[in-house]
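Chemist: The residues making up each chain are set out below.
Protein chains: 2
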Amino acid sequence: MIDMQTFLQEESVRVDAKIEQLLHEAGSLPMYHMLRYFMGYGNDLRHPTQGTHGKRTRSSLLLLTAKLFGGSSVAVDFAAAVELFHNFTLIHDDIVDNDEMRRGQPTLWKLWGKDHGINSGDAQLLLTNQVLLEAARKDAVYGVATAQLLTQYFLEICEGQYLDFELTKYALHDPLVTPEAYLEMIRKKTAVLVGAAASAGGMSAGCDDEVVQKLFTYGESLGLAYQIVDDHVSIWEETGATGKRAYGDIIERKKTYPALFARDHGDATRLTALYEKKETLTEDEVREVVNIFEKSGAREATEAYAHTYIENARSIARSLPLDDTSKGILVALVEKVARVAGTIETPPM
Amino acid sequence: MIDMQTFLQEESVRVDAKIEQLLHEAGSLPMYHMLRYFMGYGNDLRHPTQGTHGKRTRSSLLLLTAKLFGGSSVAVDFAAAVELFHNFTLIHDDIVDNDEMRRGQPTLWKLWGKDHGINSGDAQLLLTNQVLLEAARKDAVYGVATAQLLTQYFLEICEGQYLDFELTKYALHDPLVTPEAYLEMIRKKTAVLVGAAASAGGMSAGCDDEVVQKLFTYGESLGLAYQIVDDHVSIWEETGATGKRAYGDIIERKKTYPALFARDHGDATRLTALYEKKETLTEDEVREVVNIFEKSGAREATEAYAHTYIENARSIARSLPLDDTSKGILVALVEKVARVAGTIETPPM
Numbered sequence: 001m002i003d004m005q006t007f008l009q010e011e012s013v014r015v016d017a018k019i020e021q022l023l024h025e026a027g028s029l030p031m032y033h034m035l036r037y038f039m040g041y042g043n044d045l046r047h048p049t050q051g052t053h054g055k056r057t058r059s060s061l062l063l064l065t066a067k068l069f070g071g072s073s074v075a076v077d078f079a080a081a082v083e084l085f086h087n088f089t090l091i092h093d094d095i096v097d098n099d100e101m102r103r104g105q106p107t108l109w110k111l112w113g114k115d116h117g118i119n120s121g122d123a124q125l126l127l128t129n130q131v132l133l134e135a136a137r138k139d140a141v142y143g144v145a146t147a148q149l150l151t152q153y154f155l156e157i158c159e160g161q162y163l164d165f166e167l168t169k170y171a172l173h174d175p176l177v178t179p180e181a182y183l184e185m186i187r188k189k190t191a192v193l194v195g196a197a198a199s200a201g202g203m204s205a206g207c208d209d210e211v212v213q214k215l216f217t218y219g220e221s222l223g224l225a226y227q228i229v230d231d232h233v234s235i236w237e238e239t240g241a242t243g244k245r246a247y248g249d250i251i252e253r254k255k256t257y258p259a260l261f262a263r264d265h266g267d268a269t270r271l272t273a274l275y276e277k278k279e280t281l282t283e284d285e286v287r288e289v290v291n292i293f294e295k296s297g298a299r300e301a302t303e304a305y306a307h308t309y310i311e312n313a314r315s316i317a318r319s320l321p322l323d324d325t326s327k328g329i330l331v332a333l334v335e336k337v338a339r340v341a342g343t344i345e346t347p348p349m
Numbered sequence: 001m002i003d004m005q006t007f008l009q010e011e012s013v014r015v016d017a018k019i020e021q022l023l024h025e026a027g028s029l030p031m032y033h034m035l036r037y038f039m040g041y042g043n044d045l046r047h048p049t050q051g052t053h054g055k056r057t058r059s060s061l062l063l064l065t066a067k068l069f070g071g072s073s074v075a076v077d078f079a080a081a082v083e084l085f086h087n088f089t090l091i092h093d094d095i096v097d098n099d100e101m102r103r104g105q106p107t108l109w110k111l112w113g114k115d116h117g118i119n120s121g122d123a124q125l126l127l128t129n130q131v132l133l134e135a136a137r138k139d140a141v142y143g144v145a146t147a148q149l150l151t152q153y154f155l156e157i158c159e160g161q162y163l164d165f166e167l168t169k170y171a172l173h174d175p176l177v178t179p180e181a182y183l184e185m186i187r188k189k190t191a192v193l194v195g196a197a198a199s200a201g202g203m204s205a206g207c208d209d210e211v212v213q214k215l216f217t218y219g220e221s222l223g224l225a226y227q228i229v230d231d232h233v234s235i236w237e238e239t240g241a242t243g244k245r246a247y248g249d250i251i252e253r254k255k256t257y258p259a260l261f262a263r264d265h266g267d268a269t270r271l272t273a274l275y276e277k278k279e280t281l282t283e284d285e286v287r288e289v290v291n292i293f294e295k296s297g298a299r300e301a302t303e304a305y306a307h308t309y310i311e312n313a314r315s316i317a318r319s320l321p322l323d324d325t326s327k328g329i330l331v332a333l334v335e336k337v338a339r340v341a342g343t344i345e346t347p348p349m
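Going line by line, the protein sequences match chains A and B. 1 is the number of the first residue of the first sequence in the numbering used here; add one for each residue after it. 1 is the number of the first residue of the second sequence in the numbering used here; add one for each residue after it.
Check before you lean on any hint, since a few could be wrong.
Copies of the same chain look alike in the list, so a pair counts if it works inside one copy or between any two.
Claimed, not checked - Keeping only pairs whose Cα atoms sit at most 30 Å apart, straight-line, the calculated DSBU-like set for lysine-lysine is: (1) K327 / K169; (2) K254 / K114; (3) K110 / K295; (4) K55 / K336; (5) K169 / K278; (6) K67 / K138; (7) K138 / K278; (8) K278 / K336.
By construction, these hints were calculated from the structure, which means they are not laboratory data.
Just need the whole structure built from these sequences, with the hints factored in.
Modeler: In structure tokens:
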């Protein structure tokens with residue numbers, strides 16, 4: 001049996017080497033320095049701030065599924081494409097969200113301005129496409145098909161961003177703001193890319209359509225569970241396992257699943273009033289929101305909701321045409337997500 | 001002999017049909033309505049403003065060179081990709097330039113906000129990639145190679161936008177603001193896409209590297225001539241042949257070729273003072289700038305500069321491995337650019 005941890009570490013190094021090479025070959029224009037900075041490949045000449053790597057979870061998942069299904073010579077290219085695309089979305093998201101910091105460092109637009117942020121992000125999306133076409137050239141059968149699959153999913157992620165803008169725009173009491181609308185938004189904005197990574201790995205290794213579809217649903221469920229757990233953590237974990245501010249989602253009055261559940265099953269009038277308040281919430285008010293959530297049963301409902309997807313990912317992993325060891329690796333990934341929130345009790349496997 | 005005008009009109013209809021189909025298949029999310037609006041395909045449900053078509057010059061050039069070199073089954077796809085990409089750059093350019101109107105209609109961001117402008121633009125670039133991959137799938141030899149060629153040039157256009165930001169940032173007297181820097185900026189930002197269109201048409205029809213390169217230089221020269229003529233028109237044509245405001249580039253204190261020439265060969269002190277003035281220029285001051293330009297010989301120098309590229313495009317057209325009629329069609333395109341500015345005397349063919 002291969003040591004999966006070692007394999008993934010080595011392959012991840014190859015993915016980053018591929019992206020660094022791509023940025024190097026693109027040229028010496030400072031625009032590419034900005035992208036190097038954002039990807040965490042060292043200092044920029046004029047702004048000596050060291051960027052930091054993201055977790056590279058999506059590209060690792062792609063490399064993993066490719067490996068489990070027999071390997072692919074273009075998996076590294078697709079992993080690079082997924083990582084480039086993911087970071088491209090972050091560059092533009094930081095602009096529209098006005099976020100000044102990411103991974104403890106100033107965001108790209110914060111250092112160089114929004115105009116450069118938009119344009120450098122565009123360049124990064126073109127680099128993504130460059131890698132996809134390179135893979136398509138290397139492998140005329142699975143390469144082209146996988147590149148098309150990924151591009152289709154990338155478009156869905158833009159749709160997710162669109163849905164996020166819309167949800168943000170409406171008030172908590174608006175009839176358009178439903179748990180279903182929220183789910184569809186996080187599905188497209190977050191979960192689809194995890195599904196895309198899992199399925200692209202399999203497709204590049206030559207899996208048939210049924211397996212590719214299963215891999216997509218596995219990743220998508222994993223991504224949904226991860227996001228719902230993240231929403232839970234933001235409210236019920238005071239010390240951030242995620243490194244995020246306690247009660248961040250309440251302070252920002254985000255319409256995540258717990259808020260929507262509490263609105264539909266608790267004191268909607270008071271909650272809506274607090275969510276529409278123009279001023280910053282006081283500490284007492286934040287505690288009041290948490291109490292409304294608790295009384296409505298939102299905590300348990302959110303946990304149950306996450307567990308639905310955790311269970312779904314787990315059962316798909318077990319149904320894949322793989323040996324038990326390989327299935328175990330995919331199931332272990334699910335358990336990792338399930339464990340992120342200590343407050344969420346994981347049912348027995 | 002085929003009727004080239006009829007051919008191009010029919011093919012252009014196919015290109016727009018292709019783009020409309022793509023937007024239709026993408027789905028009914030209002031994000032795609034925004035793109036339909038910007039591409040000029042009719043009303044948006046919530047904003048009943050009719051968009052207007054652009055001139056589709058780049059895609060027509062691509063279809064033309066493909067046809068002249070024997071035709072290609074994927075030329076329509078590449079023409080659609082070039083048109084989608086060009087309009088994608090406009091969607092994002094309008095945001096960074098804060099332009100509220102284009103083709104006599106409100107810009108995309110003006111109607112739906114900058115966040116949607118960024119995100120819908122991103123979606124349009126992904127649709128561009130989708131068409132490129134479709135062509136790559138249809139034609140494993142020329143399709144993939146042409147898609148790669150175009151993507152490489154698309155990246156150069158982002159570099160051009162970067163250079164434009166930099167040039168705009170520096171004052172007229174800054175040593176970094178040179179005619180060479182200006183030329184490199186308009187080359188990448190404007191001319192490269194014209195070259196890309198001309199060469200992609202040839203490559204998709206199976207031309208060898210030498211011809212593909214010649215076609216690129218032909219288009220690039222055409223694009224450069226067009227841009228320099230446009231700069232000339234902005235200053236020396238009071239009634240806009242281009243529909244633009246008289247003296248627009250002077251009012252906005254743009255550092256185009258005439259300004260740089262006048263700075264280097266005329267009253268640099270006074271010109272620099274006027275270009276650094278914070279307030280809007282008075283009518284007298286605008287006239288003063290024109291006079292400084294005239295005295296320095298900037299008008300003749302700009303005309304000579306444009307003619308260099310016009311002559312270059314013309315001589316490349318004549319050197320292509322085509323019959324005289326076909327060469328004549330490409331030369332005629334050059335003459336069209338040369339004639340845009342009535343003030344620019346065209347030397348005999």
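Chemist: All the hints need checking, so say for each whether the structure fits it.
Modeler: A quick look at each hint next to the structure:
1. Within a single copy, K327 and K169 get their C-alpha atoms no closer than 42 Å, and across copies no closer than 56 Å, so neither meets the 30 Å cut-off.
2. Within a single copy, K254 and K114 get their C-alpha atoms as close as 24 Å, and across copies as close as 21 Å, so both meet the 30 Å cut-off.
3. In this assembly of identical chains, K110 and K295 lie within 30 Å of each other by CA distance neither inside one copy nor across copies; the values are 41 Å within and 44 Å between.
4. Taking CA atoms no more than 30 Å apart as the test, K55 paired with K336 passes inside one copy only; the shortest distance there is 14 Å, against 54 Å between copies.
5. Taking the closest pair of Cα atoms, K169 and K278 come within 30 Å of each other only inside a single copy of the chain (14 Å); across copies the shortest separation is 38 Å, beyond that limit.
6. Proximity of K67 and K138 under a CA criterion of 30 Å is satisfied in both settings, with 18 Å inside one chain copy and 29 Å between copies.
7. Neither within a single protomer nor between protomers do K138 and K278 lie at most 30 Å apart by alpha-carbon distance, with minima of 56 Å and 55 Å respectively.
8. Within a single copy, K278 and K336 get their C-alpha atoms no closer than 38 Å, and across copies no closer than 59 Å, so neither meets the 30 Å cut-off.
Consistency with the previously given hints fails for numbers 1, 3, 7 and 8, ordered from lowest to highest.
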